[in-house]
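If you read the sequence shown in the numbering used here, its first letter stands for residue 10, the second for the next number, and so on.
Just so you know, not all the hints are guaranteed correct.
What the hints assert, rightly or not - Computed Cβ-Cβ distance ranges for the label pairs, DEER-style:
(1) L16 with Q66: 48 to 58 Å
(2) N42 with R13: 36 to 46 Å
(3) Q80 with N28: 14 to 24 Å
(4) E83 with E60: 43 to 53 Å
To be verified - Subject to a maximum C-alpha distance of 25 Å in a straight line, what follows is the list of computed DMTMM-like cross-link-like pairs (lysine to aspartate or glutamate):
(5) K91 with E76
(6) K62 with E76
(7) K84 with E97
(8) K62 with E14
(9) K84 with E69
(10) K84 with E98
(11) K91 with D12
For the record, the hints were derived by calculation from the structure and aren't laboratory data. Keep in mind that this is a model prediction, so the values were computed, not measured. Heads up, the beta-carbon is just placed ideally off N, CA and C, and yes, glycines get one too.
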Amino acid sequence: MNDRELLEFIAAQVTGLTNTVNGLTNTVNGLTNTVNGLTNTVNGLTGDVGELKVGQQSLERNVQSLERNMQSLEKGQQGLEKSILSLEEGQQGLE
10 MNDRELLEFI AAQVTGLTNT VNGLTNTVNG LTNTVNGLTN TVNGLTGDVG ELKVGQQSLE
70 RNVQSLERNM QSLEKGQQGL EKSILSLEEG QQGLE
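Start from the sequences, fold in the hints, and give me the full structure.
What follows is the structure, given as structure tokens:
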């Protein structure tokens, strides 16, 4: 692999890393929205049993959403780590 090909490879890796970081940022924003939804649900609960049941269901949905977002965040983090390793390997090729 010549220097130009190596630089193109590294540029592609950096672009991939940027996209992964942007995806992680979006996931974190989704988590923030879910937590805000949980907070709003808790704040909106009253003594009415019917409303409590609806609030409980809403909480359950928000917790499930939070769990899915956490799994997505973990997968994104793993992808980011793989991309960083690949970038480091490419950098070693430049040296």
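We went through each hint and held it up to the structure:
1. Taking the beta carbon of each, L16 and Q66 are about 54 Å apart, inside 48 to 58 Å as hinted.
2. Range check, N42 to R13: Cβ separation about 44 Å, and the 36 to 46 Å hint holds.
3. Restraint check, Q80 to N28: a C-beta distance of roughly 19 Å satisfies the suggested window 14 to 24 Å.
4. Checked against the given bound of 43 to 53 Å, the beta carbons of E83 and E60, roughly 34 Å apart, lie outside it.
5. Only pairs whose Cα atoms come within 25 Å are accepted, and K91 paired with E76 is accepted, the gap being roughly 23 Å.
6. A hinted pair counts as satisfied when its Cα atoms are at most 25 Å apart, and K62 with E76 qualifies at roughly 21 Å.
7. Proximity of K84 to E97 is assessed by CA-CA distance (about 20 Å); at most 25 Å being required, the pair is judged to hold.
8. Between K62 and E14, the direct Cα distance comes to roughly 61 Å. Violation of the 25 Å bound is thereby established for this hinted pair.
9. Simply put, K84 and E69 have alpha-carbon atoms about 23 Å apart, close enough for the 25 Å limit, and the pair holds.
10. Taking the CA atoms of K84 and E98, the gap is about 21 Å. The hint holds against a cut of 25 Å.
11. At most 25 Å may separate the alpha-carbon atoms for a hinted pair to count; K91 and D12 meet this at roughly 22 Å.
Of the numbered hints listed earlier, those contradicted by the structure are 4, 8.
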